[in-house]
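Same order as they appear, the protein sequences are chains A and B. According to my numbering, the first sequence is numbered sequentially starting from -18. According to my numbering, the second sequence is numbered sequentially starting from -18.
Derived by calculation from the structure, the hints in this document are not laboratory data. None of the hints are false.
Distance condition first, Cα-Cα at most 20 Å in a straight line; then the derived PhoX-like pairs of lysine-lysine:
| id | chain 1 | residue 1 | chain 2 | residue 2 |
| --- | --- | --- | --- | --- |
| 1 | B | K261 | A | K154 |
| 2 | A | K261 | B | K154 |
| 3 | A | K261 | B | K261 |
| 4 | A | K239 | A | K205 |
2 protein chains.
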Amino acid sequence: MTRQTLQIGLAGLGTVGTGVYETLCRNHDLLEARVQMAYNVRKIAVRDLSRPREVEVAPELLTEDWQELVNDPEIDIIIELIGGTKVAYELVKAALKAGKPVVTGNKALLAEYGSELFRISLEKGVPLYFEASCGGGIPIIQSLQNSLICNNVESITGIINGTSNYILSSMEKGGVSYADALAAAQAKGYAEADPTLDINGWDAAHKALILAMLAYGTPLAPDKISVYGIERVTSTDFAFAERLGYTIKLLVVIKHHKEGDRLELRVQPSFVPQSHLLSKVDGVFNAIAVKGDIVGETVFYGRGAGKNPTASAVIGDVVLAMRECRHPEYHTGFLPYTKKMAVMPQEETETPYYVRFLVQDRPGVIAAIASELAKLDIGISATSSTPHDMVDGMPRNNLVFILHSCPWGRLRKALKALRKHEYIERHPAVFRIETFTNN
Amino acid sequence: MTRQTLQIGLAGLGTVGTGVYETLCRNHDLLEARVQMAYNVRKIAVRDLSRPREVEVAPELLTEDWQELVNDPEIDIIIELIGGTKVAYELVKAALKAGKPVVTGNKALLAEYGSELFRISLEKGVPLYFEASCGGGIPIIQSLQNSLICNNVESITGIINGTSNYILSSMEKGGVSYADALAAAQAKGYAEADPTLDINGWDAAHKALILAMLAYGTPLAPDKISVYGIERVTSTDFAFAERLGYTIKLLVVIKHHKEGDRLELRVQPSFVPQSHLLSKVDGVFNAIAVKGDIVGETVFYGRGAGKNPTASAVIGDVVLAMRECRHPEYHTGFLPYTKKMAVMPQEETETPYYVRFLVQDRPGVIAAIASELAKLDIGISATSSTPHDMVDGMPRNNLVFILHSCPWGRLRKALKALRKHEYIERHPAVFRIETFTNN
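Assemble the whole structure, with the sequences as input and the hints as a guide.
Here it is, written out as structure tokens:
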């Protein structure tokens, strides 16, 4: 050990906080030997001192006042794992202003206040680490900040919500309905009692914003991203997807468009070709595909959530903080925010599409749809259908069209025009088809 | 820019060296902005000044004397990309001794002299970076050194030779023979004119040694690893593999056994379950699965070779070197070598097996094989066969046994005993079956 003991302040002793504390204790000797520095957890801020704990902690370490961590001159590094965006925001801001590097896994906080907090971090020259905010134990943030640093990032495409992926995997493998898959996920503890943010896409969107801010060094706010959840994915769509050589995944898509220097930024259930690695990411696992102009395509895979995987990511950051807290000028993770990058309107973003219409089984239906699409110059690359079925006492067909790439705005116009045809029922199911080129 | 310009010395201007130089020039502004440091390539050592270059280089940068790089007091960092193990060894040793951090991508050098070079690096406190030595553009080394640092590594299982993976993928997808697949790989430039080290497993073995030294901090030499190449993989085995739910990949397997604190260390074509991500890694791509006690399973995927992907890895290291060369004490990548870990004899390593016998089509054959296996307490979990075929004018059957896990030494004994049965022809085809538990 060449330096004095680094003192750590931990805020939050929930699931991840407990995992971090346990691992800092359990693998203490291993870590000190590898980092060649000594460390000590000096103080732990919790909401309620009287609450029973999963882990044994010396009572004198605990406090209910997070300000003690910020104000303690002995504390070198603060780990924020309290969750939420109110107290966490106050805490992170105060810590950075007090010159203490912060390690956080709080995606909601960074999605909402990241632009401000990253700016303070840069201005003060005090690093803010956030590996655990995206992809659990997957080292995606450090890889983008360090290993892949010479790359212009062309795109990031990822499965970064374990709960929704678990549900979609169950629907795919087990042929069960969305409702049944969700109930099973809740029974197994893979979905919260209130799984709203997981299934409506917003948890993934928060992470997407963080990845985009990091990859492009631009401030972004949640209103910039287009978000659809998995609530409307049906077994019928999975059956068609399989027949056509795809599966359905809740994808985060971040793409840089050189023309106009704009970002495409969206979260939605998408068709993924069975030949692509992302289609094989099942259950609660996450995977993030990063395409760089120098490295080509890379994929990072691992557990996207959970006590220990997230603790692994937090501690990876703590080690960086230990190394850098005496020389923060060597930190490469400062987001420079040299420019404000525009986000493309969704109307302009182009992909191929899968559109499934539920129609009355009568002559002229295909012709009507094909003709509306042709009017807007939208090409059809394939069609598929199922024998008619009885829906509400009437014979109905599922008619699937695979469409060539076109701007979403144009397809939306065509779909609107088709609403006037009374033998085409309900809103069609529309999914983007993601294409991956292996450069 | 808060510091003076960092001066880089580059040794070697072959494929990767050219990629590094081009990228350092092309993405110069991006890199300086991200790292917040200025850099300059001050000198480039080449073997032959008169050789025509793919890239334009100011003549005054070039020298044929690598010692100029080591002796130039202005040079802060040296990149070694000359290949081979003779001059490269002299260069890296001299640079470390002169206090200059070294970035290398030379796997043969590290496999052979790594133990000594890492020791010098540690003793001198001068970092030796080697991301590019394993898995091309995949950030596996930095991830092990930093992000996953709190983990006891339980196992590393990887596809880390692109040439052999390209050949095996072609055999799998195209049903072609080994010889045809190799010829196609050579025609496409994915295999060298002399592909010996790629197909006999030794290129992968060099990388495995590096990964093992890094993950366990123990010195290792090439004689410690058991290596088999892909030369004997046949279309027949691929057909059986597919039928049984597997594919065949040249795998590197590094496993820590707590009992006895020993390492399992081997390279061979293995059966990989179709359900595991590694089975989906096709063509020249590489992937490395790392299992840690805290993070669980992670997989890193990307281009394992080539000018630009390797350059991306080299520059990721150069950036670390730029940050750390004024404060090398903050480098976490020093291999401590606190202990010498023993390697398990291959005889003791256990997996399930696939064994294919070519037998005469007559009664009693299956009974004979099953009985020899039973004598050594080796369980059979499945059998499979093809209708008899004419081989050398005689009817022959392919008889496949899937065996329960047992030590290789025991199976080898059984196979030896079976040689006395004259109706069992030739040496059987034996492959290990890798099992992956998703903890």
